[in-house]
Amino acid sequence: MSSAPSATATSDATLRAGIDRSLRHPVMFFLTSGAAWLAVSIVLAIISSIKLHYPEFMDDCGYFSYGRVFPAHLNTLIYGWGFQAAFGVLIWLMARMSRQECRAAGTILTAGHVWNLAVLLGTVGILRGSGTGMPWMEFPTFVWPGLLLCYVAIVVWSFIQFRVRDGGRSYVSQWYLLAAMIWFPWIFVTANVLLNCTSGHPVMAAAINAWFKSALMFLFFIPVALGTAYYLAPKLTGRPIPSASFARLGFWTLAVVAPWAGMQKLAGAPLPVFLPYLGAAATVLLAVPLAVASVNILRTIFSGEEKLPKSPALHFTLAGLMGVLLLAVAAIALNLPGRLQDPSGPAALKLTQFSISGYGFEILALYGCFSFIMFGAVYFIVPRITCREWISSRFINMHFFFSAYGIVAIAFGALFGGFMQGSAQEAWLQPWETVTDVVRPYAAMSTFAWCVILFSNVFFFVHLALMWLHLGLRGPNPTMLDSSTNLPAPATQPSH
Amino acid sequence: MDPTRDNPILRFNTFWWALWTFLIFGVLLAAVIVFNPKPPTNLEDAAAVARYVTKDKVTEAQAAALSSAEIAAAIPKIAADLPSSKPAAVEKPEQVVPGSPTALKLGAVAAAAPNGASASAGVSPPAPSQPPAEAVTPPASKDGGQDARPTAPSATPAKP
Numbered sequence: 001m002s003s004a005p006s007a008t009a010t011s012d013a014t015l016r017a018g019i020d021r022s023l024r025h026p027v028m029f030f031l032t033s034g035a036a037w038l039a040v041s042i043v044l045a046i047i048s049s050i051k052l053h054y055p056e057f058m059d060d061c062g063y064f065s066y067g068r069v070f071p072a073h074l075n076t077l078i079y080g081w082g083f084q085a086a087f088g089v090l091i092w093l094m095a096r097m098s099r100q101e102c103r104a105a106g107t108i109l110t111a112g113h114v115w116n117l118a119v120l121l122g123t124v125g126i127l128r129g130s131g132t133g134m135p136w137m138e139f140p141t142f143v144w145p146g147l148l149l150c151y152v153a154i155v156v157w158s159f160i161q162f163r164v165r166d167g168g169r170s171y172v173s174q175w176y177l178l179a180a181m182i183w184f185p186w187i188f189v190t191a192n193v194l195l196n197c198t199s200g201h202p203v204m205a206a207a208i209n210a211w212f213k214s215a216l217m218f219l220f221f222i223p224v225a226l227g228t229a230y231y232l233a234p235k236l237t238g239r240p241i242p243s244a245s246f247a248r249l250g251f252w253t254l255a256v257v258a259p260w261a262g263m264q265k266l267a268g269a270p271l272p273v274f275l276p277y278l279g280a281a282a283t284v285l286l287a288v289p290l291a292v293a294s295v296n297i298l299r300t301i302f303s304g305e306e307k308l309p310k311s312p313a314l315h316f317t318l319a320g321l322m323g324v325l326l327l328a329v330a331a332i333a334l335n336l337p338g339r340l341q342d343p344s345g346p347a348a349l350k351l352t353q354f355s356i357s358g359y360g361f362e363i364l365a366l367y368g369c370f371s372f373i374m375f376g377a378v379y380f381i382v383p384r385i386t387c388r389e390w391i392s393s394r395f396i397n398m399h400f401f402f403s404a405y406g407i408v409a410i411a412f413g414a415l416f417g418g419f420m421q422g423s424a425q426e427a428w429l430q431p432w433e434t435v436t437d438v439v440r441p442y443a444a445m446s447t448f449a450w451c452v453i454l455f456s457n458v459f460f461f462v463h464l465a466l467m468w469l470h471l472g473l474r475g476p477n478p479t480m481l482d483s484s485t486n487l488p489a490p491a492t493q494p495s496h
Numbered sequence: 001m002d003p004t005r006d007n008p009i010l011r012f013n014t015f016w017w018a019l020w021t022f023l024i025f026g027v028l029l030a031a032v033i034v035f036n037p038k039p040p041t042n043l044e045d046a047a048a049v050a051r052y053v054t055k056d057k058v059t060e061a062q063a064a065a066l067s068s069a070e071i072a073a074a075i076p077k078i079a080a081d082l083p084s085s086k087p088a089a090v091e092k093p094e095q096v097v098p099g100s101p102t103a104l105k106l107g108a109v110a111a112a113a114p115n116g117a118s119a120s121a122g123v124s125p126p127a128p129s130q131p132p133a134e135a136v137t138p139p140a141s142k143d144g145g146q147d148a149r150p151t152a153p154s155a156t157p158a159k160p
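Chains as they are written, first to last, in this note's numbering: chain A, 1 to 496; chain B, 1 to 160.
Just chain A, same shape as in the assembly (with noise of 0.2 Å):
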């Protein structure tokens, strides 16, 4: 009787050694390569972020200019971490749970190479002062086409796994995987078509960079990051998902919402009133999918009686929901529209439009939700692709607190700073320097905030070096938080 299921579970962990070793290689590379580009764009936050409260700072060096520097920081968080990030947890993920090994590593890895170089050009490019303006698409245009060149063959082959799956099923991380797999070219072909190869109207020019934005936001980051949250948490808590309902009302809100959100941007501009005012609805009502997602997830974290594994995949995830939960109050707070012309209205939507907190809810979403939840799950993927353990709980510790503690102080300078930055332009019997002054101890706080960020992510990436030069610990117990409560492994994992 019990020789049967002692073969199954011996193949099983011999199939998923062997998708590991498949992915080896790719994964550790967009990983580290990712923490790399996220090192440089934090350090360039810090000279933006310095520079808005001490303009002289760096001042006769043209590379380092405002204006290039911040688009440069952007553009390597989102292309350079964001994106390596992502595809080091798809590719992975999706093999995992198809069951499949990965047939075409060099391929993957020889396109990781390509997109690394097309990131490292773009910045140059942006530095140099070849930046097209557009925010969140700033690369020099010659960049574009070899990204979406590098992204259709890093993961064409996951798109093939889950096609030839074991078993037939799919489970709730593929919906949102593969939803974001085939979104991502969408939009992004999209702008840049319309901006980059026709002469279109520059106001709706702007508006489709705005729509761009929260599309690739809420189309792709957010997507891979629910879909990792819902594989890493019944993974590590041994728990089911609760509701399979909240899961697909989840999923299905945010592929009909999303689309629409982004243009609140523009309220005010010469463009066809509704659309400005359908972003704004469409943003709030993102705040359905956030919640009704990350609430299904932490239901199931939270869903047992016995005390939470001190695991930093689960800390950094449930942090990562929390973050889910609170960019969608702040989607709520920031685009009520209330009567434009009418101060008197609640006028959210005009008090943020021209300030910081814009960039503060993006930060929230590419940091806070996004990046926290990719930190868990490369807690949880490193150790079973390196068959080592991570070397030392105190860098994940001084990784998880610090980044924490870095985040929510931005978060919440950002998108508080923003409403009185708002609030004192609308004072316009006061001097305009009121408004810098008001802007300046929030943009200090940023500043500091970074500098802890980045402390934190050396740690980080020194951490991933070393275990990808295989000088992980071995043994036979996870590495946890606290190092007195080792536990192993739930039993009750699935086993994809």
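Hints are computed from structural coordinates only; laboratory data are not their basis.
Being a predicted model, the structure only gives us computed values, none of them experimental.
Partner residues aside, some chain B positions facing chain A, computed with beta carbon under 7 Å:
id : residue
1  : Arg5
2  : Asp6
3  : Leu10
4  : Phe15
5  : Ala18
6  : Thr21
What follows is a set of in silico ranges between Cβ atoms, one per label pair, in the way DEER data are often shown:
id : chain 1 : residue 1 : chain 2 : residue 2 : range
7  : B       : Thr21     : A       : Tyr405    : 37 to 43 Å
8  : B       : Pro8      : A       : Thr10     : 26 to 32 Å
9  : B       : Ala30     : A       : Asn477    : 54 to 60 Å
10 : B       : Ala46     : A       : Trp432    : 35 to 41 Å
11 : A       : Pro140    : B       : Ala47     : 30 to 36 Å
12 : A       : Trp432    : B       : Ala47     : 30 to 36 Å
Output of the computed footprint for chain B on chain A, the stretches with three or more beta carbons under 8 Å from beta carbons of chain B:
id : segment
13 : 153 to 163
14 : 180 to 189
Glycine included, every Cβ here is placed at the ideal spot set by N, Cα and C.
Since the structure of chain A is provided, determine the placement of chain B on it from the hints.
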């Protein structure tokens, strides 16, 4: 593993389906752009026609004006002649400062002259140019006058 579910043909087909899925939006967009080449006509384009006419007039006037190089070349010559030249009395009425002795003298001459002669002779000081009272008075507001502004004083018509 179900052998009918994973085979090279299915993988090959899926590869092309995936490429098509990734690029279908771009292909459709390119088709719309290529097969819909007519220029856009909207309010902005209609307004642009009038703007281009105005722009042509401005460009033409600017071309007829003295160039900055000519002005720069003339300045030294005029500046050199200026100290040696004797100041001449201003004779044009429109250049006389209102209220000055010259203006009073010209006004007295105009008052002594018969009606109609002064205008043709051009000796009357110009009346302050103000728009008619109706033009500067805003219409009554619909909110009970809360937004009403004080009306500008009526312009004093120039004496004949």
